[in-house]
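*Asks:* If you read the sequences in order, they're chains A and B.
Take the first sequence: its letter number 139 is residue 139 in the numbering used here, and every next letter is one higher.
Take the second sequence: its letter number 180 is residue 180 in the numbering used here, and every next letter is one higher.
Do not take every clue at face value.
Unchecked claim - Some, not all, of what chain B presents toward chain A, calculated at C-beta under 10 Å: (1) ALA81; (2) HIS99; (3) ALA118; (4) ALA120.
FYI, nobody ran anything at the bench for these hints, they're computed from the structure.
No residue lacks a Cβ here, since even glycine has one placed at the ideal position from N, Cα and C.
The primary structure of each chain is shown beneath.
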Amino acid sequence: MSAQVLQVAEVEALSPLVTRFRFVHPEGEALPLFSGGAHVVVEMPDGAVLRRNAYSLISDPLDGSGYEIAVRRDEAGRGGSRFMHAEVAVGDLLRVGAPVNLFALDLRARRHVLIAGGIGITPFLAQIRQLIRLQLPFELHYAVRSRAEAAAARLLPDLAQVHLHISEEGSRMDLGEILSGQPLGTHVYVCGPEGLVDGVLDTARCLGWPKGALHSEAFLAPPPGEAFEVTLARSGRKIAVGPHQSLLEALEAAEVEVPWLCRGGACGQCETHVTSCSGHIEHHDHWLSDEARASQSAIMPCVSRFRGADLTIDR
Amino acid sequence: MPRTEFSPAIFSRPVYPGLISQGAVPAIMLAEGAGAEALIDLALADASVMDRAHVIYIPARGDSATGARLGQLGAKMYHEAPSYAACLERYRKALADAHMGTWLYLAGSEGLIGQAAAEATAAGLPADAILSEHRGPVTRRMQCVHCKGITEEVATDPFTCAHCGRSLFVRDHFSRRLGAFQGVAIDAETPGIVPEPRSIQR
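So here's chain A without its partners, still in its complex pose (with noise of 0.2 Å):
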């Protein structure tokens, strides 16, 4: 992966739970530019552990002088949140990613619809730049449970079709409403938690929206879960996974060499294939088809886990 070197520039309170932080290149050289829902991978010198977390750029998609993101603190997370809320300082040297875009506009459509549910909100920052900038038709509909958790609402612009809805004063989202009556040729994007996710597909499909036009990112954290073993089928040996690292992190740690890109079951580059198996493979990706989940061929190490007696992984 090709990462570089950046500075941590500025850290801001958004909200009480979620931080913004804005790296730039330590010589002030231009970063490459990306696109909207973009995101990178920020590695963490967490004591004996590197983590790797993947978080969405929130700034300008071309604006090379610096990389922003927001990061919620997660404090039933696995510690990349708290590593960066509580460690990470203006002055820091971190490693980060090159940017990779699995949630990008689909710019055919003649109207983009896009509904973020708390943090999900994190990719439509960059993407409302883009859309203000080709000047596309679009709406955001932003879904919170209070003011105060609306931690990018004074990121977003000041546009009659940026639509903050606070559920804890009665301007719930209506998803229905938001579906119906959408010009041919819309588009619909969807990041947030599962069920708001799950809300907005399965509403679109009652509608009759063809599946083309619905994008979805679930912000996918691995899950942190009882401590596991797998053998190696290439070498023979066995690696211990912790409860609070993912089979992928564990791979890397013993110098098993995995491709990989987003860290989050999405993207599909670290699919394993699967020797044996006898116990129960703890999905979590949203790469698999439920064959290949049901047989348990195949597992995600950037997020699944394992329960049983062995599981054999082709690696």
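Keeping the supplied structure of chain A fixed, place chain B upon it in accordance with the hints.
*Replies:* Chain B in isolation, oriented as in the chain A frame:
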């Protein structure tokens, strides 16, 4: 008349997988000639597909019986037209008034499906909201790549362009934008040497 099947061809040759009901969602249905049978089969499989359907039918000349059957399927709106050209304004208005969630069902000759799909795509309808079933002749709607004229109902290969008179080779290369196959001069390198026309193979 059953569904028309083709022998395998190049990858870009369109395929018409057949009509499958998407349920009682808004729909535009355009059929021509034998394509009516596809709509009748569709309604037999799921009557609710007609609840919000705007059906436009172009019967074969002199056939009033098929249209009468089609008109009784319970479509929300039913209209008969003598030709595609005659119903084009109605069809365009239906597309202009449509919203996301509207499905398009096309049935009939390849020429009709190609033109109507191109019109719908130009109106913004996503390609995956278009269902089609080929019923009827295997003749092709051809564009001459030299003069750009369209020749309808081409039944032989090579054929004579109805506009510029060139002898054209019938290619499987299809233009989704035009809704037509591409015809290329067959004697460009050997002027005047044109093979005997043969009936178009499936």
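*Asks:* Against this structure, judge whether each hint is valid.
*Replies:* Verification of the supplied hints:
1. ALA81: Violated, because the Cβ-Cβ distance from B:ALA81 to chain A comes to roughly 22 Å (cut-off 10 Å).
2. HIS99: holds, 5 Å
3. ALA118: violated, 14 Å
4. ALA120: Since chain A brings a Cβ to about 8 Å from B:ALA120, closer than 10 Å, the hint holds.
Checked against the numbered hints above, the structure violates hints 1, 3; every other hint is satisfied.
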